[in-house]
Amino acid sequence: MKVNLQSVNFNADPKLIDFTQKKLDKLETYFDKIIYADVYFKVQNTSGKENKITEILLSIPGGDIMVKKTCNKFEACVDECVNSLQRQLIKRKEKMSAHV
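The numbers in this note's numbering rise by one with no breaks, and the one at position 34 of the sequence shown is 36.
It is worth saying that the hints were derived from the structure and are not from the lab. There could be a bad hint or two in this list.
[Claimed, not checked] Computed Cβ-Cβ distance ranges for the label pairs, DEER-style: (1) A100 x F12: 42 to 50 Å; (2) N13 x T48: 42 to 50 Å; (3) P16 x K93: 30 to 38 Å; (4) K28 x T48: 18 to 26 Å; (5) V5 x K95: 26 to 34 Å; (6) K97 x N74: 13 to 21 Å; (7) T48 x A100: 42 to 50 Å; (8) Q23 x K70: 18 to 26 Å; (9) F21 x A100: 30 to 38 Å; (10) Q46 x I19: 14 to 22 Å; (11) D81 x N13: 32 to 40 Å; (12) N13 x K95: 20 to 28 Å; (13) K97 x K75: 32 to 40 Å; (14) S86 x L7: 12 to 20 Å.
[What the hints assert, rightly or not] Keeping only pairs whose Cα atoms sit at most 25 Å apart, straight-line, the calculated PhoX-like set for lysine-lysine is: (15) K28 x K17; (16) K51 x K4; (17) K97 x K28; (18) K54 x K35; (19) K51 x K97; (20) K95 x K51; (21) K71 x K25; (22) K44 x K71; (23) K17 x K51; (24) K70 x K93; (25) K95 x K54; (26) K51 x K35; (27) K35 x K75.
Since the model is a prediction, treat every value here as computed from it, not as a measurement. For glycine and all other residues, C-beta sits at the position ideal for the given N, C-alpha and C.
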């Protein structure tokens, strides 16, 4: 799977990029037809601690899946996004196998 990472208004740490890549690679065990993933890291200018936004767009056959989470660390956001995507991919795979 091809992963496109974009960090808005800051430079992403290589550790964050590697962490995200490893997490997204694990999604292929649940759904093997993932075409690509677009990951956007953003920092909100707010006084609150939860100012880091992570958006992941997965392109799969039959429509894309988009997940957006806000946390105080990007790693936590990636974890939450991947967990949500995992559940959605399992549902999508069950629907596809039911139609076949």
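### Query
Quick check: which numbered hints come out false for this structure?
Checked against the structure, the hints that fail are numbers 2, 4, 5, 6, 11, 12, 16, 18, 19, 20, 25, 26, 27, while the rest are satisfied.
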